[in-house]
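Protein chains: 2
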Amino acid sequence: MTYCVGLRLNKGLVFMSDTRTNAGVDNISTFRKMYTWCAPGDRLMTIMAAGNLATTQTVVSMLEEHSKAAEDRQPSIMKVPSMFEVARLIGETVREVIKTASDNGHQSESTFSATFILGGQVAGGAMRMFLIYPEGNFIEATDDNPFFQIGEHKYGKPILVRAYDPDMSFEMATKLLYVSFDSTLKSNLSVGLPLDLQFYELDSLTRGYEKRVVATDPYYSKISDGWSDALRTAFNSLPDFTRD
Amino acid sequence: MTYCVGLRLNKGLVFMSDTRTNAGVDNISTFRKMYTWCAPGDRLMTIMAAGNLATTQTVVSMLEEHSKAAEDRQPSIMKVPSMFEVARLIGETVREVIKTASDNGHQSESTFSATFILGGQVAGGAMRMFLIYPEGNFIEATDDNPFFQIGEHKYGKPILVRAYDPDMSFEMATKLLYVSFDSTLKSNLSVGLPLDLQFYELDSLTRGYEKRVVATDPYYSKISDGWSDALRTAFNSLPDFTRD
Numbered sequence: 001m002t003y004c005v006g007l008r009l010n011k012g013l014v015f016m017s018d019t020r021t022n023a024g025v026d027n028i029s030t031f032r033k034m035y036t037w038c039a040p041g042d043r044l045m046t047i048m049a050a051g052n053l054a055t056t057q058t059v060v061s062m063l064e065e066h067s068k069a070a071e072d073r074q075p076s077i078m079k080v081p082s083m084f085e086v087a088r089l090i091g092e093t094v095r096e097v098i099k100t101a102s103d104n105g106h107q108s109e110s111t112f113s114a115t116f117i118l119g120g121q122v123a124g125g126a127m128r129m130f131l132i133y134p135e136g137n138f139i140e141a142t143d144d145n146p147f148f149q150i151g152e153h154k155y156g157k158p159i160l161v162r163a164y165d166p167d168m169s170f171e172m173a174t175k176l177l178y179v180s181f182d183s184t185l186k187s188n189l190s191v192g193l194p195l196d197l198q199f200y201e202l203d204s205l206t207r208g209y210e211k212r213v214v215a216t217d218p219y220y221s222k223i224s225d226g227w228s229d230a231l232r233t234a235f236n237s238l239p240d241f242t243r244d
Numbered sequence: 001m002t003y004c005v006g007l008r009l010n011k012g013l014v015f016m017s018d019t020r021t022n023a024g025v026d027n028i029s030t031f032r033k034m035y036t037w038c039a040p041g042d043r044l045m046t047i048m049a050a051g052n053l054a055t056t057q058t059v060v061s062m063l064e065e066h067s068k069a070a071e072d073r074q075p076s077i078m079k080v081p082s083m084f085e086v087a088r089l090i091g092e093t094v095r096e097v098i099k100t101a102s103d104n105g106h107q108s109e110s111t112f113s114a115t116f117i118l119g120g121q122v123a124g125g126a127m128r129m130f131l132i133y134p135e136g137n138f139i140e141a142t143d144d145n146p147f148f149q150i151g152e153h154k155y156g157k158p159i160l161v162r163a164y165d166p167d168m169s170f171e172m173a174t175k176l177l178y179v180s181f182d183s184t185l186k187s188n189l190s191v192g193l194p195l196d197l198q199f200y201e202l203d204s205l206t207r208g209y210e211k212r213v214v215a216t217d218p219y220y221s222k223i224s225d226g227w228s229d230a231l232r233t234a235f236n237s238l239p240d241f242t243r244d
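Note that the protein sequences, when read in sequence, are chains A and B. Here the first sequence is numbered in the working numbering, starting from 1 and rising by one per residue. Here the second sequence is numbered in the working numbering, starting from 1 and rising by one per residue.
Any given hint could turn out to be false.
Where chains are identical, the list cannot tell them apart; a pair therefore holds if satisfied intra-copy or between any two copies.
Cross-link-like lysine to aspartate or glutamate pairs, in silico, DMTMM-like; alpha carbons within 25 Å at most [said to hold, decoys possible]:
1. K11 with D244
2. K222 with D240
3. K79 with E65
4. K222 with D203
5. K186 with D229
6. K11 with E210
7. K79 with E64
8. K222 with D165
9. K99 with D143
10. K186 with D143
11. K211 with D240
12. K186 with D167
13. K11 with D203
14. K186 with D240
15. K211 with E96
16. K222 with D244
To be clear, the hints were calculated from the coordinates, so they are not data collected in a lab. Keep in mind it's a predicted model, so treat the numbers as computed, not measured.
Work out the full structure, taking the sequences as your base and the hints as a guide.
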């Protein structure tokens with residue numbers, strides 16, 4: 001599995017993804033699931049991927065036009081005029097890759113499904129974030145639904161639902177994501193450290209702050225330990241049940 | 001879906017289950033998922049069920065020997081000498097019911113799977129709690145794993161993992177379950193009010209406190225609203241992230 005979250009704030013976008021890939025519990029590896037394309041001043045696009053690793057890596061390679069000689073590579077996602085077109089291009093690529101893998105004439109044990117979160121901005125357009133489905137279609141984050149989760153999303157959702165606020169600073173949003181990821185990591189072996197974190201500041205059209213959160217990260221330990229204590233305190237602060 | 005939790009405390013057992021049954025989101029009903037058999041002074045057994053409703057109701061009917069005339073009904077689970085034997089009997093019944101439903105000669109769209117939590121005590125034996133699988137085998141709650149969840153368990157797990165304590169009172173355990181259920185209800189439509197709550201006090205060999213928690217329950221509202229505030233306070237109490 002995987003866990004990735006994209007948050008749309010008024011100040012920008014925050015992306016966080018884990019790096020664990022597994023085929024069974026005895027075959028785990030670390031793979032980056034966050035990819036960024038940037039032409040400073042013109043566009044910034046970040047995607048995060050959950051699902052079949054062969055599919056997601058092929059999609060990224062195709063977007064980067066690795067099928068062409070190095071000097072001929074001019075990825076179309078660097079040229080299309082809007083985030084909507086970028087989403088459409090990625091959706092088409094995903095659908096094509098899954099279709100090719102599935103039409104191989106024999107039944108496979110696994111499916112080739114993959115889901116993507118895309119966020120970013122193209123000069124002249126608004127900052128936007130999309131959730132792209134394996135079928136190639138997609139939805140956009142709105143005020144009603146300002147964040148997307150893909151992969152193992154259930155454990156980490158309750159805190160996002162309750163503490164997210166569109167006016168949050170990047171720092172507060174990061175704290176929120178640390179808590180959400182920590183809840184997931186504590187409950188599910190298929191999501192694992194290190195984590196990748198990235199900010200996109202509204203209208204900056206360039207890469208923002210980035211960090212890889214490793215197991216020894218002192219702030220991660222503080223949040224992980226502190227959240228247990230804070231939850232217990234929160235729990236104790238609630239009124240007690242009495243039998244009626 | 002369903003959400004049921006059985007907690008093993010030093011003082012006894014606490015059971016909580018929701019009552020929503022659904023076949024698609026446009027076909028929902030309320031069904032009790034908690035069943036109790038009791039011979040005061042001799043034994044108390046409570047089960048909670050998740051899975052195919054036809055399977056779980058048939059299992060309960062068979063345990064109650066509804067296949068016999070009313071005057072001949074002497075359920076074996078009221079006679080076997082230990083909780084272990086009760087678990088074995090239920091496991092065999094589950095397996096038999098699923099096997100019968102599956103061997104019907106045509107392919108069905110749904111599976112007939114069902115999982116049970118069984119807790120209770122038989123005179124002369126220890127209080128025990130089991131998780132019974134569709135295959136009929138089972139595991140017992142231990143000090144390392146003192147609670148069982150069945151159904152839609154992910155949303156409500158992080159708080160259980162962090163706030164459970166075997167020395168808790170029944171009242172504290174109830175508060176914990178309210179929070180765990182509220183987190184689940186807020187995130188998943190297939191788990192719904194009312195909830196059934198039941199206590200079993202160690203060595204009492206009789207039914208303990210019972211309650212049906214309905215949507216208008218004032219304590220439930222207090223917990224549901226209070227937990228949002230308490231979580232935000234807890235979140236704010238954590239140290240802030242700083243870019244390095």
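Here's how the hints hold up against the structure:
1. K11 with D244: For K11 and D244, the Cα distance is within 25 Å only across copies (19 Å; inside one copy 49 Å).
2. K222 with D240: Between. Shortest inter-copy distance 10 Å satisfies the 25 Å Cα cut-off; intra-copy 29 Å does not.
3. K79 with E65: Cα proximity of K79 and E65: one copy only (13 Å, versus 72 Å across).
4. K222 with D203: Classified as neither; 32 Å inside a copy, 42 Å across copies.
5. K186 with D229: Both: 15 Å inside a copy, 23 Å across copies.
6. K11 with E210: within (16 Å within a copy, 50 Å between copies)
7. K79 with E64: within (12 Å within a copy, 70 Å between copies)
8. K222 with D165: Result: close both inside a copy and across copies, 22 Å intra and 22 Å inter.
9. K99 with D143: neither (33 Å within a copy, 49 Å between copies)
10. K186 with D143: between (30 Å within a copy, 19 Å between copies)
11. K211 with D240: between (42 Å within a copy, 16 Å between copies)
12. K186 with D167: Close across copies (23 Å), not inside one copy (28 Å); limit 25 Å.
13. K11 with D203: Cα proximity of K11 and D203: one copy only (9 Å, versus 59 Å across).
14. K186 with D240: between (27 Å within a copy, 21 Å between copies)
15. K211 with E96: Cα proximity of K211 and E96: none, with 32 Å in one copy and 55 Å across.
16. K222 with D244: between (41 Å within a copy, 16 Å between copies)
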